[in-house]
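Participant: If you want the building blocks of each chain, they are given just below.
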Amino acid sequence: MNCLSTIDRVTAGHIIINQQDITKLKGNQLNKFRREELGFIFQDFNLLDTLTAYENIALALTIQRVPENEIDAKVKNVAEKLGITSILNKYPYQVSGGQKQRIASCRAIITNPKMILADEPTGALDSKAARQLLESFESLNQKLGSTILMVTHDAFTASYAERIIFIKDGKIFNELVKGIDTRKQFFEKIIEVQTLLGGDLNDVI
Amino acid sequence: MLFKLSFKNMKKSIKDYGIYFLTLVLGVAIFYMFNSLDSQEAMLKVSTSQRQIIQLMIEMLAYVSVFVAVILGLLIVYANNFLINRRKREFGIYMTLGMGKRQISKIILLETIFVGMISLVIGLVIGIFASQFMSIFVSKLFEADMSKFEFVFSKTACVKTCVYFAIMYVAVMVFNTFTISRYKLINLLNSAKKNEKIKMKNPVLSILVFLGATILLGFAYWKVTIDAHNLNSGDKILQVILMGIVGTVLVFWSLSGFILRIVQSMKKTYLKDTNMFVLRQINNKINTTIVSMSVICLMLFMTMTILSSSLALRNTMQRDLLEMTPVDLNLYKTAYLPEKTTNRSGKEIIYTEAQRQDSRVSIQHTLESNGFDMNLLKDVEEIPIYTDKNLTWEKFFGAKIEKIKAKFPYLQYNTPEELIKISDYNRIAKLYGNQEYELKENEYVMLCDFDSQEEIRNEVLKDGNYPLEIAGKTYIAKYQECKSGFVVMSTSHTNTGIILVPDSCNLTDEMAEMYFLAANYNAVTEEEKAEIEKIFTGKEESTILNNVYEKGLQLDGLSKISIIEASVGLATMITFIAIYLGIIFLIASSAILALKQLTESSDNKQRYTILRKIGCDEKMIHMALFRQIGIFFGMPLILATIHSVFGIQYALSVLSGVASTKDLLPSVIATVVVMGMIYGAYFMATYLGSKNIIKEENF
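From first to last, the protein sequence lines stand for chains S and L. Position 176 (the first sequence) corresponds to 176 in the working numbering; numbering is contiguous. Position 535 (the second sequence) corresponds to 535 in the working numbering; numbering is contiguous.
Bear in mind the hints are in silico, worked out from the structure with no lab data behind them. Take these hints with a grain of salt, some might be off.
[Claimed, not checked] Here are the simulated lysine-lysine pairs, DSBU-like style, with alpha carbons at most 35 Å apart:
no.	chain 1	residue 1	chain 2	residue 2
1	S	K90	L	K695
2	L	K613	L	K691
3	L	K691	S	K81
4	L	K483	S	K76
5	L	K268	S	K76
6	L	K619	S	K90
7	L	K403	L	K483
Let's have the full structure, built from the sequences with the hints guiding it.
Facilitator: What follows is the structure, given as structure tokens:
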């Protein structure tokens with residue numbers, strides 16, 4: 001995940017995003033790439049506690065030097081999509097975990113990134129908030145057509161995805177595609193794979 | 001083991017210790033430099049005829065040093081406290097490993113001793129070398145004789161520095177032990193997690209408070225400038241000082257909220273780059289730093305005011321000096337001594353026949369008859385100065401005396417006015433290059449250039465044609481104000497009043513109070529002049545002085561050389577103490593700011609990491625950091641500058657007659673340069689240190 005997000009460097013191999021080999025980018029090119037092509041959602045939100053929700057979202061635009069007359073409309077637009085219009089003037093410490101994560105999501109998508117990287121986005125949320133968030137992701141994916149790459153340990157969270165790649169000990173273990181299944185069917189498939197993933201026969205003595 | 005641990009700790013936290021260390025070293029060095037002045041060769045060279053002033057200066061510096069030591073002590077305790085707080089977690093880990101509080105105290109004790117010893121040694125070495133340069137600087141600045149250069153080491157200063165700093169370190173140790181003993185393990189371990197609750201102030205309240213503070217400060221400014229003449233008692237001044245302090249605190253309390261509000265309404269600026277972030281950072285942090293910001297601001301204010309006005313004072317004194325010493329020599333001798341008289345303390349003085357005889361002849365005559373070769377002098381002018389027993393200050397003020405007495409109760413109102421015939425005065429004025437006057441038969445002119453005296457005399461003269469009875473005849477004032485001019489040379493404008501009367505005025509010989517002689521030395525080079533000077537000042541070899549002394553003749557005098565020497569000494573003293581205090585204040589405030597910013601940078605590390613994660617490039621992040629620290633350093637500086645503009649004016653009005661605004665510009669420039677260097681150095685050190693702290697290794 002860190003390699004994908006260009007926060008860390010690979011020691012071998014290449015990462016190609018949108019026909020661009022990001023392992024070859026350096027310094028400010030990397031920052032530029034990260035700023036313009038990627039959006040991040042973290043487990044611990046990474047919101048700036050000194051800024052209001054509105055400002056947290058707007059910051060993603062201002063550092064891209066988006067003209068100030070476009071910012072307001074964009075922020076309000078994206079906030080409406082994720083249902084946080086009412087808390088835009090609150091500080092992160094004044095809102096719940098689920099709301100914080102939605103603010104973070106707004107910040108991630110407002111720049112129209114090619115790809116959104118979500119690292120255990122539901123990790124710090126209760127199940128209700130998690131569901132709300134995942135539903136927002138779903139709509140983002142379907143309505144705005146943004147690619148969301150999510151890392152999770154939770155089968156329920158994973159069941160919202162279209163395609164799942166299981167990784168075990170650093171190696172690709174299995175792949176599932178939702179296809180025409182309902183979410184419930186897909187969830188059961190995931191559980192099956194997870195049981196397999198649980199260990200080899202040798203591990204149980 | 002503990003030894004090793006504390007040594008390792010120090011090496012590890014060398015970055016944190018950086019500013020603490022820098023401050024200690026600077027403190028030690030400056031303390032040594034100023035206390036070593038007594039043993040500096042250059043200083044003693046100046047002082048052959050003015051040891052007293054040098055002695056006074058050293059004594060004053062000693063007192064000031066105690067004050068400085070207190071400030072430095074507080075600063076060190078403060079800086080140290082920051083370091084301890086930064087390491088709470090570390091201490092927590094020690095405690096979970098079973099280390100007792102005593103042992104932790106011991107670790108810190110060892111560290112304090114380490115840092116203390118090293119900084120003391122380095123500081124002393126720097127101080128010793130810097131004091132060599134200072135002697136050169138001093139001699140250049142104060143026209144002292146710097147013919148031979150010697151490496152000076154002051155043992156007393158060295159010992160004094162060690163003792164004072166040892167006391168400070170002990171204070172730090174006591175303080176640390178006390179702090180540690182209050183710690184609870186749970187708080188130590190959780191200290192990093194403890195999130196500072198972000199208090200947000202009501203923006204409307206902020207604006208109101210800000211306006212209130214501005215009005216308060218404005219009123220204080222008005223008090224010290226336009227209304228300054230009403231500021232004549234201690235508690236009134238205290239009121240203004242209190243207003244200033246409260247105003248300053250309130251400004252810092254409300255400023256960030258106020259600015260935030262303003263900038264927020266300017267969307268274009270607010271929504272640009274990282275402006276929003278920087279502003280919020282400041283708004284967030286300033287709440288916890290109101291007190292220190294105010295203290296820093298006031299200290300900067302004192303530094304600026306002290307440095308600027310003292311340098312202006314020095315410049316004025318030196319400029320006045322040239323104006324006030326137009327000739328090489330002034331001699332004066334009491335005329336017409338009575339047989340006996342009583343002095344101020346009521347003691348009866350009987351004058352001998354020889355004394356009385358001498359008091360009836362001119363100064364020239366006295367000089368010649370006591371073996372002085374008059375050819376050594378040129379441009380000699382001698383005049384009598386008269387007094388009229390019936391014309392005292394009290395008489396002069398006439399009807400307005402009560403009003404003036406209420407204002408200046410301590411003046412000697414029974415002092416007789418000095419009278420000089422106009423032609424006599426014009427001879428002196430011509431020699432001095434001062435303005436000459438003409439009088440009609442019934443006119444007089446009041447000469448006075450001592451500011452406060454001039455003010456009250458003008459009070460009487462302003463009505464015009466002010467009549468005065470002199471030697472039995474009434475004269476009227478030619479001018480509606482005092483004219484400037486003087487007869488006796490001095491270091492500054494100190495003529496409290498001379499009345500010029502027409503030559504026809506009935507002044508008898510008996511009314512002569514003294515004879516006055518002004519002359520130049522009949523010499524070209526400085527060395528020749530110094531030779532003649534010796535006749536009047538060198539006690540042993542001068543026959544004339546011995547004679548005058550033995551016969552108890554009432555002859556006294558002033559020379560240009562001695563006035564300049566005394567004045568240079570005084571100016572040196574004032575400037576020195578001002579520079580000493582100014583620099584200490586400056587170091588103290590810069591260090592506090594720097595430490596605060598550094599600790600905050602480590603708290604802020606996470607915020608900057610987030611910025612980086614959402615795609616800020618390094619340049620932008622550094623810019624944001626630079627602006628954040630810049631604003632923190634800038635805010636107290638700006639307010640202090642505004643304070644100083646008014647403070648300096650007030651300081652100059654208090655020193656009126658001694659310091660003048662004309663000399664302000666160069667001294668302000670000098671102050672700005674000194675401040676820029678020290679403050680700027682701390683600013684850069686803070687910025688670089690913070691940059692280091694927020695830098696991420698794997699990036």
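Participant: Of all the hints given earlier, name the ones this structure violates by number, lowest first.
Facilitator: 3, 4
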